[in-house]
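Colleague: Given the structure of chain X, go ahead and fit chain R with the ligands onto it with the hints provided.
Chains as they are written, first to last, in my numbering: chain X, 389 to 684; chain R, 6 to 394.
These are computed hints drawn from the structure, not numbers from a lab.
Wrong hints could be hidden among the right ones.
As the list claims (entries may be wrong) - Straight-line C-alpha distance at most 30 Å; calculated BS3-like pairs for lysine-lysine:
hint : chain 1 : residue 1 : chain 2 : residue 2
1    : X       : Lys-622   : R       : Lys-103
2    : R       : Lys-103   : X       : Lys-526
3    : X       : Lys-622   : R       : Lys-121
4    : R       : Lys-102   : X       : Lys-622
5    : R       : Lys-159   : R       : Lys-102
6    : R       : Lys-58    : R       : Lys-383
7    : R       : Lys-383   : R       : Lys-59
Note that the structure is predicted; figures quoted are calculated from it, not measured.
Given next are the chains, with one letter for each unit.
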Amino acid sequence: MEMRETDRPGDEGLARALGWFSIGLGVAELVAPRGIARMIGVRDHRILLRAVGLREMASGVGILTQRRPAGWLWARVVGDVMDLALVGAAFRSPRARRGRLALATAAVAGVTALDVVASRRLSRRPGEPEDDAIRITKSITINRSPEEIYRFWRDFRNLPRFMRHLESVQVTSDKRSHWMARGPAGKRVEWDAEIVDDKPNELIAWRSLEGSDVETPGSVRFQRAPGGRGTVVKVELLYRPPGGLLGSLVAKLFGADPDQQVAEDLRRLKQVMETGEIATSAGPSARRSRRLAAAS
Amino acid sequence: MKANCWFDTHDIRVEEVPDPSIVNPRDAIVRITSAAICGSDLHLYNGYVPTMKKGDILGHEFMGEVVEVGSGVKDLRVGDRVVVPFPISCGNCFFCKKQLFSLCENSNPNAWMAEKMWGHSPAGIYGYSHMLGGYPGGQAEYVRVPFADVNPIKIPAGIPDDQVLFLGDILPTGYMAAENCDIEPGDTVAVWGCGPVGQFAIKSAFLLGADRVIGIDRFPERLGMAQKRSGAETINYEEVDVYETLDEMTGGLGPDACIDAVGMEAHAPGLVGAYDRVKQAAMLETDRPHALRQAIMACRNGGTVSVAGVYGGFIDKVPFGSLMNRSLTLRSGQTHVQRYMRPLLERIQKNEIDPSFIITHHMALDDAPEGYDMFLKKEDACVKVVLNP
Ligand SMILES: NC(=O)c1ccc[n+]([C@@H]2O[C@H](COP(=O)([O-])OP(=O)(O)OC[C@H]3O[C@@H](n4cnc5c(N)ncnc54)[C@H](O)[C@@H]3O)[C@@H](O)[C@H]2O)c1
Ligand SMILES: [Zn+2]
Ligand SMILES: [Zn+2]
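Okay, chain X solo, but in the shape it has when bound:
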């Protein structure tokens, strides 16, 4: 597992604490909704509180099991707003005890503020400039020698076999190549690239030519893994799009989760290198036959 130097452990710690807070509150809300309702001064919301309890649990488990918990934290923020609305509704009810409610509101609002801070921090990696660039570092261990994997990668025409966003790469000279990527809605993004560093069986680095639409330096390192486990392949990519329409096309090349996209690309590289093919579960299901039936 690679380390991300840019993640501040403090924020992960905060996220984790909020995760446990969620589970704790969730259990209390589920098991003793009446007690909690009494505690915060509301009477008639037992079922609602139970629902809130479930939501707290789900987001708690989500936060604890997620490596990058930003998404789940935002779910918490939504949950907090729900809680605030709930407490707000209780305020308007004549039977509510105002003093306790005010306290509860303050407590929930406090947690909301924490949630927002943690989510904002985790959504953008700290220290990262606020531009549209996509930066990705990913590693995988492949049960093949560095020589074999280097040879495969060095022929850039092979890249689209495992990099989903690429349509084709044409090699135009020993150092230069023309890359075509699939954008959303069939739009294409193209650029020319040159190899800027090439250490056989160790490293390949490339970048798009001056004046290209996209600035995309990238590199891949091949390092012999310990204990005869093959090779650790480490990829670093950066896509810095220009502004405007093309920029947003580039930003979408990797979908919503660029890290995962590249992780999947590397997994496919591993499959090709180790098994000679890319694993697929393509096959029949009653879904497809229905769709076919509907179409015909």
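Modeller: Showing chain R with the ligands alone in chain X's frame:
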């Protein structure tokens, strides 16, 4: 072709679906002659395994005849009779080379889903949710078998399907559960659950040299089968306290090894059962680990708890302190089936085991939904259903 498809909890239907075809060079297509319903299928049927999609073809315990092979498959020929192991393995990766076939790194195209749930992904499995690959299963007339050059085992003519079908899953599963106990002469092994997996765990424990094996369940026909077919002693957990009875039977030591052949849907009488059911329904835990709790508490100091039963996610109130303070060893895993198929086939050929003794029902593929229902409710003394398409 016809296939048994999952639509929802307790809603499966035999539907007309397209035939499978070769996609990758190492694929083969197998025409199914026998497919069993497994206890693991019940976890899908009861809706406890996430990432199932409406229309998924079920079934991971099947055999048949090769009808087509891809260009990369050299050792299999059209017409060969094969049993297919349920974990899909590439044969090339670090884990396959270590014979940890159910941990193959290259067979789960949806590995990222499993990583979200479990941290890392195991191998793909036929008909067992999208988190484990989303592969169409074998309760159908035909199935596509990936990496067919390394997975299926050829079966010589003359041995009936019923004797070899279980080589693909539960016979190796029972065997691995017993092997994980590192049985020594004089050992007593207790087995929670006398379903098909439990029956084979009991038989295997004896084969591997256990002195005594104690089967635990509540269905008389299953307890009776364990006594008659393998010579086990039995405990009906609805009649006596399991922990006390085991202690009494083992001179206060506890069994040397305890096998959990029950899994995530353990039945528990009384308050504990209600507690787990409520927590499971409220998503506070995903599994009901009652048998596992008992197995840990009952095991003798320094003994082994071997978990063959399937668990999916999070469990609660597991006595981990008992495990730690008493130096217990915990072993588990989806079975590395490919490791056991050949040696177990040889034992079958030498008449050391005839696994067909667990089969209580043969049905047509069309009747799969009734088969599931009967197997779930253990009606008609049902222990194992085999479907013949
Ligand atoms: N590890 C693997 O690779 C693998 C392979 C196949 C099956 N399995 C798992 O093995 C388990 C058993 O499978 P099966 O086909 O035998 O299913 P099954 O449903 O027929 O058997 C389960 C048995 O456990 C009994 N049981 C339930 N609660 C119990 C308790 N508290 N104490 C003692 N017994 C109890 C039931 O009465 C039943 O007889 C399932 O979880 C299944 O998913 C694992
Ligand atoms: Zn099974
Ligand atoms: Zn493998």
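Colleague: Against which earlier hints does the structure fall short, listed by number upward?
Modeller: none
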